[in-house]
Amino acid sequence: MKLLRRSCLPSWPKLLGTAAVSGVATLLVARNFFPTEKKVGHRIHADYSAGDDVFARTMGQLLGPPLLEGNRVATFENGEEIFPELLRAIRSAERTITFENFLWREGEVTDAFAEALAERARAGVTVHFLQDALGCDALHGRAMNLLRRSPVELEIFRFMKLTMNFRTHRKLLVIDGRTGYIGGTGIADDWKGNGRMRGFWRDSHYRLEGPAVAQMQQAFMDNWLQTRTTLLHGDPYFPKLKPIGEEMCQVFKSSAGEGSDSGRLMLLVSIAAARRHIRIANAYFIPDQLCLQTLVEACRRGVKVEIITPGPDIDAQTVRAVGKMRWRPLFEAGARFFEYQPARFHCKYLLVDDVWASVGSANLDNRSLSLNEEANLNVLDR
17 MKLLRRSCLP SWPKLLGTAA VSGVATLLVA RNFFPTEKKV GHRIHADYSA
67 GDDVFARTMG QLLGPPLLEG NRVATFENGE EIFPELLRAI RSAERTITFE
117 NFLWREGEVT DAFAEALAER ARAGVTVHFL QDALGCDALH GRAMNLLRRS
167 PVELEIFRFM KLTMNFRTHR KLLVIDGRTG YIGGTGIADD WKGNGRMRGF
217 WRDSHYRLEG PAVAQMQQAF MDNWLQTRTT LLHGDPYFPK LKPIGEEMCQ
267 VFKSSAGEGS DSGRLMLLVS IAAARRHIRI ANAYFIPDQL CLQTLVEACR
317 RGVKVEIITP GPDIDAQTVR AVGKMRWRPL FEAGARFFEY QPARFHCKYL
367 LVDDVWASVG SANLDNRSLS LNEEANLNVL DR
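For the sequence shown, position 180 (counting from the first letter as 1) is numbered 196 according to my numbering, and the numbering increases by one without interruption.
These are computed hints drawn from the structure, not numbers from a lab.
All C-beta atoms in this analysis are idealised placements derived from N, C-alpha and C, irrespective of residue type, glycine included.
Derived DEER-like restraints, expressed as beta-carbon distance ranges:
no., residue 1, residue 2, range
1, GLU124, THR74, 41 to 49 Å
2, HIS293, ARG104, 33 to 41 Å
3, PHE347, ARG111, 49 to 57 Å
4, ASN161, ARG342, 37 to 45 Å
5, GLU110, PHE175, 30 to 38 Å
6, THR91, ARG342, 27 to 35 Å
7, ILE60, ALA139, 44 to 52 Å
8, GLY327, PRO259, 38 to 46 Å
9, THR91, GLN333, 23 to 31 Å
10, GLU348, ALA149, 39 to 47 Å
11, GLY57, ASN161, 42 to 50 Å
12, MET213, PRO259, 37 to 45 Å
13, LYS55, VAL338, 16 to 24 Å
14, ALA349, THR246, 44 to 52 Å
Full structure from sequences and hints, please.
So, in structure tokens, the structure goes:
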């Protein structure tokens, strides 16, 4: 025993302490990739179609907010239409602006948005801007600093927190509680143009007017309250909204880190209710096994399935390669795939039987369906 120096003997308290710290760290990392959630694990069979009343009731009960009548939806395509419309809406605000965003990349577009938001705030409009930390390439860049010097209430979502892998991927803009915008567009120069230029994005964004705008506002409030802990309420945020159109709409949010499986539920039930056509466009189409099986079953019962994905101009070649490996059962079942060629493809929509549509920020991959904070607009037009 004398041959063993004291320094060579194991320090059990230190080893146990190190093991405990390592174990906690491992659990924290695991929590960021495998959140606890109520997840559907079995196939869904629907004895109703997307045009039936029971489908609308089911979606309302499963996803939370009901489908509301009396809405109007307009579509804007690519930066040449989207950015002028969003900036016009911001500049028209009289009382409140609520804005939640993922990608903010310094350039001409961010300068224009920062200047418009700051100008409205200086004019007395209450402006709330929630920007995801990971999606911003310059938290102290020119545009962000301009906003900080203005009366804009700027908050950075989940900056250096234990839930850092749960990002807000939502793209929400609500003007005066009356007009809302939702889609997939990033606030960056990469989205400029007409969607037909290499290195730039093809994308769509949507304007919503009518009673369902309040649901979009509530989706923003969800993360604003979590970040700022300040409740935004009353007529400036939730004015009385009268019917303005003919479409039934629903804005739902998914927040998988909190145990929600809303995006995946919506997808599975929509596919199961399809009787004639399913049209999907998505930038990152990597369905999990159950979603894949549900689509294959749709093909086998005679539903025409068509899917648009990015072509060779893509920001993540690995995603494209992995996706193609997953698609084989769909090919064999008769689904048709189309790859967008002129530019990078970032659209995200689901169309079922020409009566049901879901558009918004969610991709069809594990990150959007299991990790991200997402928001989608559902439209029933019978």
